[in-house]
Amino acid sequence: MAGKQESGAGKRVVVIGGGVAGSLLAKSLQFISDLTLIDPKEYFEIPWADLRAMVEPSFAERSVIHHKAYLTNGNIVTSTAINVTENQVMTADGRSIPYDYLVIASGHKEPYPEARAERLKQFQSDNEKIKSSQSILIVGGGPTGVELAGEIAVDFPEKKVTLVHNGPRLLEMLGPKAAKKTLDWLTSKKVDVKFNQKVHLSHIAEGSKEYATSSGETIIADCHFLCIGKPLASEWLKETVLRDSLDESGRLMVDANLRLKGCKNIFAIGDITDLKLHVVVASNFHLNVGNETRVPGTKTFCSCGEEHQDVNVRKK
Numbered sequence: 001m002a003g004k005q006e007s008g009a010g011k012r013v014v015v016i017g018g019g020v021a022g023s024l025l026a027k028s029l030q031f032i033s034d035l036t037l038i039d040p041k042e043y044f045e046i047p048w049a050d051l052r053a054m055v056e057p058s059f060a061e062r063s064v065i066h067h068k069a070y071l072t073n074g075n076i077v078t079s080t081a082i083n084v085t086e087n088q089v090m091t092a093d094g095r096s097i098p099y100d101y102l103v104i105a106s107g108h109k110e111p112y113p114e115a116r117a118e119r120l121k122q123f124q125s126d127n128e129k130i131k132s133s134q135s136i137l138i139v140g141g142g143p144t145g146v147e148l149a150g151e152i153a154v155d156f157p158e159k160k161v162t163l164v165h166n167g168p169r170l171l172e173m174l175g176p177k178a179a180k181k182t183l184d185w186l187t188s189k190k191v192d193v194k195f196n197q198k199v200h201l202s203h204i205a206e207g208s209k210e211y212a213t214s215s216g217e218t219i220i221a222d223c224h225f226l227c228i229g230k231p232l233a234s235e236w237l238k239e240t241v242l243r244d245s246l247d248e249s250g251r252l253m254v255d256a257n258l259r260l261k262g263c264k265n266i267f268a269i270g271d272i273t274d275l276k277l278h279v280v281v282a283s284n285f286h287l288n289v290g291n292e293t294r295v296p297g298t299k300t301f302c303s304c305g306e307e308h309q310d311v312n313v314r315k316k
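For what it's worth, my numbering labels the leading residue of the sequence shown as 1, then goes sequentially.
Derived from the structure by calculation, the hints contain no laboratory data.
Hints should not be assumed to be uniformly reliable.
To be verified - Label-pair distances were calculated between CB atoms; the ranges are:
| no. | residue 1 | residue 2 | range |
| --- | --- | --- | --- |
| 1 | SER135 | GLU61 | 28 to 36 Å |
| 2 | SER202 | MET253 | 28 to 36 Å |
| 3 | PRO231 | ASN87 | 26 to 34 Å |
| 4 | ARG62 | GLU239 | 36 to 44 Å |
| 5 | VAL154 | GLN88 | 24 to 32 Å |
| 6 | GLU210 | MET90 | 45 to 53 Å |
| 7 | ASP100 | GLU239 | 31 to 39 Å |
| 8 | ASP100 | LYS160 | 52 to 60 Å |
| 9 | THR85 | GLY216 | 48 to 56 Å |
| 10 | ARG243 | SER58 | 43 to 51 Å |
| 11 | LYS190 | GLN88 | 50 to 58 Å |
Stated by the list, open to error - 30 Å max Cα-Cα, derived DSBU-like pairs, lysine-lysine:
| no. | residue 1 | residue 2 |
| --- | --- | --- |
| 12 | LYS121 | LYS159 |
| 13 | LYS209 | LYS230 |
| 14 | LYS190 | LYS160 |
| 15 | LYS109 | LYS131 |
| 16 | LYS177 | LYS189 |
| 17 | LYS190 | LYS180 |
| 18 | LYS276 | LYS109 |
| 19 | LYS276 | LYS194 |
| 20 | LYS68 | LYS121 |
| 21 | LYS129 | LYS189 |
| 22 | LYS264 | LYS180 |
| 23 | LYS209 | LYS159 |
| 24 | LYS194 | LYS159 |
| 25 | LYS131 | LYS180 |
| 26 | LYS238 | LYS261 |
| 27 | LYS180 | LYS194 |
| 28 | LYS159 | LYS131 |
| 29 | LYS121 | LYS230 |
| 30 | LYS276 | LYS180 |
| 31 | LYS276 | LYS177 |
| 32 | LYS131 | LYS230 |
| 33 | LYS181 | LYS198 |
| 34 | LYS131 | LYS160 |
| 35 | LYS121 | LYS109 |
| 36 | LYS194 | LYS230 |
| 37 | LYS276 | LYS198 |
| 38 | LYS261 | LYS159 |
| 39 | LYS160 | LYS177 |
| 40 | LYS180 | LYS68 |
Ideal placement from N, C-alpha and C gives every residue a C-beta, glycine not left out.
Model the full assembly from the supplied sequences, consistent with the hints where possible.
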C-alpha cells in the first residue's frame with residue numbers, strides 16, 4: 001500500500017477499480033478525503049490508446065501509467081476486492097478496509113497482469129504477432145474490432161485484414177450513419193468486412209490458418225484477434241450484501257445520483273452500472289471535478305439536469 005503524504009482527516013472513501021472512472025475519481029478526491037484505491041493491477045491504462053500500442057508498442061510507455069504517479073496523496077491497494085459489508089471492503093490479500101463512502105468502478109473483467117512491465121510486454125508480443133503475419137483475422141465488429149482493423153490497415157497497408165461480425169452492421173450501439181461511414185472507410189483501406197457470421201474458434205487446431213465461419217465459409221489467416229465483449233467484473237458481488245443491487249445482466253442498479261438503490265453511502269460509476277451508454281460516458285467525462293468537494297451523488301456527476309444533494313467529503 002502506498003502511503004499518503006499526510007493523514008487524511010476527511011471522510012474515508014474507498015474506490016474499487018482503477019480504470020478510467022475509478023482512477024479519475026480517485027485522483028480528484030485524493031486531497032479532500034481519506035482516499036483508498038483498490039485495483040488488482042499497479043497501473044492505469046488509457047483504453048482508447050491500447051490498440052495504437054499494439055501497432056506501435058512505444059506508445060504504451062505513455063499510456064500505461066503507475067497509479068502512484070498520479071495518486072500521490074491516496075492509499076493504493078494492489079489486490080482484488082472479494083467481499084463488501086455495510087462498512088468494510090475485504091481484499092484477496094487479507095485486508096479489511098473501512099469506508100464512509102464506497103464507489104464501485106470495477107468495469108469489465110480484463111486479463112491484465114499485475115505489473116506494468118508485464119503489460120508492456122503484452123503490447124510488444126501483439127506487435128510482433130501483427131508484424132510476422134501477412135493476413136490477420138479480427139473477430140468482432142464493435143469499437144475494439146473496428147479500431148484495431150483501422151490501426152493495422154493504416155500502419156501495415158500491405159497486410160490482408162478480414163473483420164468478421166455476427167451482426168448486420170458495425171458499431172451497433174451507434175446509429176446507422178456512423179456504421180456506414182465506418183464501413184466505407186474500412187473498405188477504402190481494403191479491409192474485408194463480413195457480416196452475420198460467427199467464427200468457430202473452438203474448432204481451430206493448433207498451428208492451423210483455416211478459420212470456419214457459421215455460414216460455411218473458410219477464411220485463411222496467419223493469426224487472429226478476438227475483439228468481442230468482455231464479462232462484467234461483478235461476479236464477486238453476488239456473494240455480498242450488494243447481491244440485490246445487481247440486475248439480471250450483472251450490472252449495479254443506480255439512481256440518478258449514481259447511488260446504489262437502497263444504499264446511502266455506496267455508489268457505482270462507469271460500465272458496471274445499469275445506465276445507458278450515453279449517460280455512462282457523460283458520467284465518466286464529468287469525473288474530473290478538479291477542486292470540487294463531492295463524490296458521485298451530486299449534480300456534477302449527473303447529466304439529467306436535476307439538482308441533487310451533495311455528499312461532502314472535505315477534510316474538517
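Hint by hint, here is what the structure shows:
no. : hint                        : verdict
1   : SER135 / GLU61: 28 to 36 Å  : holds, 29 Å
2   : SER202 / MET253: 28 to 36 Å : holds, 34 Å
3   : PRO231 / ASN87: 26 to 34 Å  : holds, 28 Å
4   : ARG62 / GLU239: 36 to 44 Å  : holds, 39 Å
5   : VAL154 / GLN88: 24 to 32 Å  : violated, 49 Å
6   : GLU210 / MET90: 45 to 53 Å  : holds, 48 Å
7   : ASP100 / GLU239: 31 to 39 Å : violated, 23 Å
8   : ASP100 / LYS160: 52 to 60 Å : holds, 56 Å
9   : THR85 / GLY216: 48 to 56 Å  : holds, 53 Å
10  : ARG243 / SER58: 43 to 51 Å  : holds, 44 Å
11  : LYS190 / GLN88: 50 to 58 Å  : holds, 56 Å
12  : LYS121 / LYS159             : holds, 23 Å
13  : LYS209 / LYS230             : holds, 25 Å
14  : LYS190 / LYS160             : holds, 8 Å
15  : LYS109 / LYS131             : holds, 28 Å
16  : LYS177 / LYS189             : holds, 19 Å
17  : LYS190 / LYS180             : holds, 15 Å
18  : LYS276 / LYS109             : holds, 19 Å
19  : LYS276 / LYS194             : holds, 28 Å
20  : LYS68 / LYS121              : holds, 20 Å
21  : LYS129 / LYS189             : holds, 20 Å
22  : LYS264 / LYS180             : violated, 45 Å
23  : LYS209 / LYS159             : holds, 15 Å
24  : LYS194 / LYS159             : holds, 17 Å
25  : LYS131 / LYS180             : holds, 29 Å
26  : LYS238 / LYS261             : holds, 16 Å
27  : LYS180 / LYS194             : holds, 14 Å
28  : LYS159 / LYS131             : holds, 9 Å
29  : LYS121 / LYS230             : holds, 21 Å
30  : LYS276 / LYS180             : holds, 23 Å
31  : LYS276 / LYS177             : holds, 20 Å
32  : LYS131 / LYS230             : holds, 26 Å
33  : LYS181 / LYS198             : holds, 23 Å
34  : LYS131 / LYS160             : holds, 12 Å
35  : LYS121 / LYS109             : holds, 20 Å
36  : LYS194 / LYS230             : holds, 21 Å
37  : LYS276 / LYS198             : holds, 26 Å
38  : LYS261 / LYS159             : violated, 50 Å
39  : LYS160 / LYS177             : holds, 26 Å
40  : LYS180 / LYS68              : violated, 42 Å
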